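**Student:** Following the hints, complete the assembly by docking chain B onto the known chain A.
Protein chains in written order, with our numbering: chain A, 1 to 332; chain B, 1 to 348.
Don't read these hints as lab results, they were simulated from the structure. Remember, predicted model here, so these are calculated numbers, not experimental data. One or more hints might be untrue.
[Claimed, not checked] To spell it out: a stretch of chain B is covered by chain A in this simulated footprint if at least three of its residues, at any positions, have a beta carbon under 8 Å from a beta carbon of chain A; those stretches are:
hint, region
1, 36–48
2, 88–97
3, 104–115
[To be verified] Distance windows between CB atoms, simulated:
hint, chain 1, residue 1, chain 2, residue 2, range
4, B, Tyr25, A, Asp124, 34 to 42 Å
5, A, Asp167, B, Leu133, 53 to 61 Å
6, B, Gln95, A, Ala131, 15 to 23 Å
7, B, Val192, A, Arg169, 54 to 62 Å
8, A, Leu327, B, Glu94, 49 to 57 Å
9, B, Gly34, A, Asp167, 22 to 30 Å
10, A, Arg73, B, Trp314, 51 to 59 Å
11, B, Leu172, A, Glu121, 35 to 43 Å
12, A, Pro108, B, Leu96, 28 to 36 Å
13, B, Gln95, A, Ile256, 57 to 65 Å
[What the hints assert, rightly or not] Only some residues are given here: those of chain A computed to face chain B with a beta carbon under 8 Å:
hint, residue
14, Tyr14
15, Leu53
16, Asp90
All C-beta atoms, glycine included, are put in the ideal place defined by N, C-alpha and C.
These are the residues of each chain, in order.
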Amino acid sequence: MTAAIETTNLTKRYGRTVALDQLNLRVQPGTIYGFIGPNGAGKTTTLRMVAGLLEPSAGQVRLLGERLDRDGRTSQRLVGYMPDFFGVYDDLRVWEYLDFFARCHNLPGAKRRSTVEGLLELVDLTPKRDAFVQSLSRGMQQRLCLAHALVHDPPILLLDEPASGLDPRARVELRELLRTLRDMGKTIILSSHILSELAEVCTEMGIMQGGHLVASGTLAEVQRQLGGERQLRFSVLRGVEQARVILAGTAGAGRIDQLEIDTSHSPITSEPTTAHLPELHASATTLSVVWSGDAEATASLISRLVTAGVALTSVVDETNDLEELFLQLTAA
Amino acid sequence: MYRVLQPNPIVVKELRSRMRGGRPYMILTGYLLGLSLVCFGILRVFEGQAQNGAPIISAHVGQGLFAALALAETLLIVFLTPAVTAGAISSEREQLTYDLLIATPLRPSRILSGKLVAALWYVLLLIFAAVPLGSVILLFGGVSPRDLAKALLLLLLTAVAAGMLGLLCSTLARRTLRATIITYLLILAIVVGSYFVVLLRTASAQPGTTVTSRALAVSPFSAMTSIVMRGATPGGPAPGGMMFDGPRPMMMFDANMLMNMPPFNNFTYGLIDYNNPNGPVVQPVYRYAYVAYPLFSLICYWLASHVVRPRRRWRLGLIDLVMLLLVLLVAGVGGYWLEIDTVTRFLR
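If we strip away everything but chain A, and leave its shape as in the complex, we get:
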């Protein structure tokens, strides 16, 4: 199948600084692909090059099989782009704003009017049709900017930090909107420096760091590529030694770490801090085990521990350790 977006050794240099280093990316049609990475990782540079706003130093971009031409016509036709920092024109009404961009894309009169009304409906701004653009809230402006990227009905949408500066409610609305757009058959690439913003809505993601794509794929694939381990954490009140023996003898269990307190992530070798904690927790020990068993195996393991007389206060399945991995990675 032709990839919606395909980059081959895409590189951007500014003088001696390499903003993006040999990016090879394939995004299939109908995907919501999330770029995650700290500021300066090369996300915006990548999006701008795909949008045809920035010329690559090396490498090439193909959109739906078409190679990006030099004057940017291909991307203007196929891509709807929403920059991370966008402005709005003062003294222009909401419908006029969309009408302006529809004119820029050469939409004829009747089609232009129906497109503008349809988009206002889509982004839920019909009640604000005649309001001045500068009077809209940040979330509404964001939706308006998203609508402007849709006037020519592009198959690919590039959204740079679409969720930044939005309150939780607006974020939920944005997520819904993105799902609607995916259902309409659009391929969406978005970027964020906050993982949790994307994890729920993206079907695939790529983690960027220092101009490199460190990992790419579905959530599980990215986790595997980053070497993330699934862990089970047992808070043991009594019978720690017994638990260790059982865990060591269970198929699917790997390395076992013993942590002093259930709330701490620090290994046992670090300074004991139990003195500050309430007595109930003072004697609880956390056993952390690298675990590859399925749900059935997990249930069976817990039942064996309990039957053997190990007093458990909690079991935590730490599957989503991606955020931590991401932080470790980007801190490095």
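**Tutor:** Then chain B, alone, in the frame of chain A:
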């Protein structure tokens, strides 16, 4: 076909937003009020002189009004136009809307022309709104409609040239404030600089000789003076001489008296072309301006059309060939019309 008939989206947008709110109307009102006050002041001066027994000829009043109005309007247009155009492109960058614009199929040249047309519309509105005020001159006489038309044409060409300069600065500078300041500094350099060149040459010349400098040809005020003075001195000036020197028979305020004051007394009606094959000829300054300003505007637009591109700025294309031909055409036709020797020899 549809695309050709489609109005430039930038013009539509700019006209929608630019004429909103009170500001454009306040500027228009202030502008007309200022010009009306100038007219009123001139009329009061003549009235006072008539009351003191000075013989006032109606034609003098007309000429005085014409001179004052034309120069005041030049001043306003020269300083208002850059304010309108210097923000054209830089404001898009400042408002962070430039990326949105260049991500559309709208070509940079169309963005530029749209911005220019929209800005000039407003300046044209100002110029044409003052035409009824100028028609008062015709009530008094002394000025031919031909001179009025000449002044109007010069005003339009001045507005376009100042607008183009502002637009070029707007594409070069990242900030509107910087673009505006640079534009004003350049205009001041042209206006004041050319005047100082004339002053220096006059000061360094032997006493009694008249000096004309080609530097005068670039200043819109000098060009406008050469139009309004033509009406003021029937019979025209002596070739090559400063027009407005020599003792005045009566201390009476009229256009000639205005022209005896600095800086106007250093302006000249015409420049002498000694190399002309038919012997030395005097070319009125405004005729140079008629050629120089469109040429200047074209070159500014040409440069701006390159700077405005998001990438591959200086790659040459068909448009450059067209612009080059246009510049050569204007220079050639203008030079022939001015009978500049090198051009006419070349064309022959």
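**Student:** Range hint 54 to 62 Å: satisfied by the CB atoms of Val192(B) and Arg169(A)?
**Tutor:** holds, 59 Å
**Student:** Using the Cβ atoms, figure out if Arg73(A) sits within 51 to 59 Å of Trp314(B).
**Tutor:** The hinted range 51 to 59 Å is violated for Arg73(A) and Trp314(B), with Cβ atoms some 20 Å apart.
**Student:** Holds or violated: is the Cβ of Asp90(A) closer than 8 Å to a Cβ in chain B?
**Tutor:** Check passed: Cβ of Asp90(A) comes within 7 Å of chain B, closer than 8 Å.
**Student:** Is the hint on Tyr14(A) kept, meaning its closest Cβ partner in chain B is under 8 Å away?
**Tutor:** violated, 14 Å
**Student:** Starting from the range 28 to 36 Å, see whether the pair Pro108(A) and Leu96(B) falls in it by beta-carbon distance.
**Tutor:** Cβ of Pro108(A) to Cβ of Leu96(B): about 29 Å, so the range 28 to 36 Å holds.
**Student:** Are Gln95(B) and Ala131(A) spaced within 15 to 23 Å by their CB atoms?
**Tutor:** At 18 Å between Cβs, range holds.
**Student:** Between Leu172(B) and Glu121(A), does the beta-carbon spacing fit 35 to 43 Å?
**Tutor:** holds, 42 Å
**Student:** If you count the residues of the region 36–48 of chain B with a beta-carbon closer than 8 Å to a beta-carbon of chain A, do you get 3 or more?
**Tutor:** violated (count 0)
**Student:** Confirm or reject the claim that Asp167(A) and Leu133(B) have a C-beta distance inside 53 to 61 Å.
**Tutor:** holds, 55 Å
**Student:** When you take the CB atoms of Leu327(A) and Glu94(B), is the distance between them in 49 to 57 Å?
**Tutor:** About 35 Å separates the Cβ atoms of Leu327(A) and Glu94(B), which means 49 to 57 Å is violated.
**Student:** Confirm or reject the claim that Gln95(B) and Ile256(A) have a C-beta distance inside 57 to 65 Å.
**Tutor:** holds, 59 Å
**Student:** Tell me if Leu53(A) is really an interface residue toward chain B, meaning its C-beta lies closer than 8 Å to one of theirs.
**Tutor:** holds, 6 Å
In this structure, the earlier hints numbered 1, 8, 9, 10 and 14 are contradicted, and the remaining ones agree with it.
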